[in-house]
Structure formats: structure tokens, C-alpha cells
Amino acid sequence: MTNLSLNARAALLSVLILFVGLAVWELSIPAQQAVGELTEYEKLTGAGAPRAGVPPPSQVIVKAWEELSNPFYDAGPNDKGIGIQIGYSIYRVLTGYLLAALIAIPLGFLIGMSPVAYKALNPFIQVLRPISPLAWMPLALFIIQDSEASAIFVIFICSIWPMLLNTAFGVAGVRSDWVNVAKTHELSPLKTAFAVILPAAAPTIVTGMRISIGIAWLVIVAAEMLVGGTGIGYYVWNEWNNLDLTSVIFSILMIGIVGMLLDAMFGLLQRRVAYVE
Numbered sequence: 006m007t008n009l010s011l012n013a014r015a016a017l018l019s020v021l022i023l024f025v026g027l028a029v030w031e032l033s034i035p036a037q038q039a040v041g042e043l044t045e046y047e048k049l050t051g052a053g054a055p056r057a058g059v060p061p062p063s064q065v066i067v068k069a070w071e072e073l074s075n076p077f078y079d080a081g082p083n084d085k086g087i088g089i090q091i092g093y094s095i096y097r098v099l100t101g102y103l104l105a106a107l108i109a110i111p112l113g114f115l116i117g118m119s120p121v122a123y124k125a126l127n128p129f130i131q132v133l134r135p136i137s138p139l140a141w142m143p144l145a146l147f148i149i150q151d152s153e154a155s156a157i158f159v160i161f162i163c164s165i166w167p168m169l170l171n172t173a174f175g176v177a178g179v180r181s182d183w184v185n186v187a188k189t190h191e192l193s194p195l196k197t198a199f200a201v202i203l204p205a206a207a208p209t210i211v212t213g214m215r216i217s218i219g220i221a222w223l224v225i226v227a228a229e230m231l232v233g234g235t236g237i238g239y240y241v242w243n244e245w246n247n248l249d250l251t252s253v254i255f256s257i258l259m260i261g262i263v264g265m266l267l268d269a270m271f272g273l274l275q276r277r278v279a280y281v282e
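The opening residue of the sequence shown carries number 6 in the working numbering; numbering runs sequentially from there.
Since the hints were made in silico from the structure, they are not lab data.
Do not take every clue at face value.
Listed next, with one range per pair, are the computed distances between beta-carbon atoms [what the hints assert, rightly or not]:
hint: 1; residue 1: I149; residue 2: I262; range: 29 to 37 Å
hint: 2; residue 1: N127; residue 2: N75; range: 22 to 30 Å
hint: 3; residue 1: G261; residue 2: I149; range: 23 to 31 Å
hint: 4; residue 1: P82; residue 2: G178; range: 43 to 51 Å
hint: 5; residue 1: G88; residue 2: Q150; range: 23 to 31 Å
hint: 6; residue 1: L126; residue 2: Q64; range: 19 to 27 Å
hint: 7; residue 1: K196; residue 2: N127; range: 25 to 33 Å
hint: 8; residue 1: L107; residue 2: L73; range: 32 to 40 Å
hint: 9; residue 1: G233; residue 2: K124; range: 24 to 32 Å
hint: 10; residue 1: G261; residue 2: L99; range: 30 to 38 Å
hint: 11; residue 1: K196; residue 2: I262; range: 38 to 46 Å
hint: 12; residue 1: Y96; residue 2: L274; range: 18 to 26 Å
hint: 13; residue 1: S193; residue 2: A16; range: 47 to 55 Å
Predicted model only: the values in this text are computed from it and were never measured.
We treat Cβ as the ideally placed atom computed from N, Cα and C, and that holds for glycine.
Please build the complete structure, drawing on both the sequences and the hints.
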């Protein structure tokens, strides 16, 4: 055991914790008691129906196998595979997220490089930033009058602030010596921004982008519960309405896995853009 690397020991500990957690969960769920002979009246009133309860992990694993074996089936508006539902959610997240990046990163550069722009825009940022993204949903639905576009707008509004603030902070934190050297070489402001400021501020910018993608994935689930139709949030709500707790737990796990993968992608990007002075 002592010869194993740190990563190997951490992986073994994670697997052990997982198995112990699943075993405790499985054993803590009481088995359904068999129902004896019922009268006609009891059958009509549903007395013999099993009580709803949290399913054991064995049932969730069976459900996961059923869903993941055919994730892209489409049997109608309210019966689509988990792959299709996640695909709709990722599409909305990436669309709103990229629109936010197109605005937040250039505007963050402006704020970081210009004290006047910072002082002029900071009051608006401080007022709008604390507003819950879902608070914008009723207004978006009224103005846009399209649930799909409204969900994308909510992702846009929740993604823009971490990217904007981190970009401004990263740009403002670039050493003035490097900017002065660029001025000495008579570089244009645009070339200075791309050749000097962007490489130095890139780690901070990517950190903001990483925070934004996590927030966006959180918000899309709640937004889809409100607007309905398609998406992983709607899938969770629809299965809850069907009282299928096994599907609800399975979808919650899928939300966590997709969120972990999105974060891992930006974590890799963050390591790639690490700046060495």
C-alpha cells in the first residue's frame, strides 16, 4: 500500500467510500412487505398498492442500465431518452454561455484597462449581479414569448457576471512594467491587449469561465423545470409527477456526472493556459 502513488491511494479510497455508501443505502431501505388477501373494497381503494419510498441503489442501477442502453429513443413529446434530454440542456447552456462570453470578455478588458469605464459601469454591475437568474424568467417569457429563447437568456444572464468580473480583475492585475515595455516598443493598444495582457490574464479569465459553466449548468435544470418541454430539468420534474423516484435519482446522478465533465474540461483548459513569468 505504501508503494502506491498518491493518486492510486486516493482512487482506492474513493472506490471504498462508494461501496460502503451504496451498501449502507441498500441495507437501510426496508423491503416491501407482502400484502395478504384483500377484499374487493380494499382493492378498489388501492389498499394493496405499495407505499412510495426511496428506492435502493440496486433499482437505480437497473434503471440506469435501461436508460443508457438506449439513450436516444424518441417515443413522443413526454417520452424521450436521457441522451436527448441532456443534449437539449447542453445546447441551451452552451448557446447562452457563448453569447455571454462574447460580451463579458471584451467588456471585462475595457473595464480592466480603463479606470473611467470601471467607475462608470461598476454601479450597474453591483445592482444586476446579485439578482437571481430565475427572477428574470417571467420577464423573459413575457418579452421574448418563447420558452427556448427565455431559457437561453437566463443562462446568458447568469454566465456573464463571473466571466466579466474575473476578466476585469485579471486584466487590471497585469504588471504595469509589462504594459510600459509594450508602450516603449510602440505597440498599438490592440496588439498590447493580445500580445501582453491576454496571456497574463488568461488563467484568471478561464477561472471565471469555469465558474460560469458550473452556474449555468445549475440554473438550466431549474429553468427547464419552469418552462417544461425538453431537457434534463424537465425530465426530473416529469418523473417526479409520475412518482418514479428511481428515475428521479438516476437523473440527479446524470446531472452531477455531466456537471463534473464540464468542470473537468475547463480544469484541463485552465492548466493549459497557466502563465509562467
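**Request:** For the range 30 to 38 Å, tell me whether the beta carbons of G261 and L99 fit it or not.
**Result:** violated (19 Å)
**Outcome of range test on Cβ distance (K196, I262; 38 to 46 Å)** = holds (43 Å)
**Prompt:** Range hint 18 to 26 Å: satisfied by the CB atoms of Y96 and L274?
**Reply:** holds (20 Å)
**Item:** 43 to 51 Å as the expected CB spacing between G178 and P82, which holds or is violated
**Value:** Holds - the Cβ-Cβ distance for P82 and G178, about 50 Å, lies within 43 to 51 Å.
**Message:** I want to verify a distance hint. Is the separation of the beta carbons of S193 and A16 within 47 to 55 Å?
**Reply:** Roughly 50 Å apart at Cβ, these two residues keep to the hinted range, so it holds.
**Asked** Is it true that L126 and Q64 lie within 19 to 27 Å of each other by Cβ?
**Response** At roughly 53 Å between Cβ atoms, Q64 and L126 fall outside 19 to 27 Å, so the hint is violated.
**Prompt:** Does the Cβ pair N127, N75 satisfy 22 to 30 Å?
**Reply:** Check failed, 52 Å falls outside 22 to 30 Å.
**Request:** Starting from the hint 25 to 33 Å, judge whether the C-beta atoms of K196 and N127 obey it.
**Result:** holds (28 Å)
**Asked** Quick one: are L107 and L73 within 32 to 40 Å, going by C-beta?
**Response** holds (35 Å)
**Request:** Using the Cβ atoms, figure out if G261 sits within 23 to 31 Å of I149.
**Result:** holds (30 Å)
**Prompt:** When you take the CB atoms of G233 and K124, is the distance between them in 24 to 32 Å?
**Reply:** For G233 and K124 the Cβ distance comes to about 43 Å; the hint is violated.
**Message:** For the hint 29 to 37 Å, verify it against the beta carbon of I149 and that of I262.
**Reply:** holds (31 Å)
Comparing the model with each earlier hint shows violations of hints 2, 6, 9 and 10; every other hint is respected.
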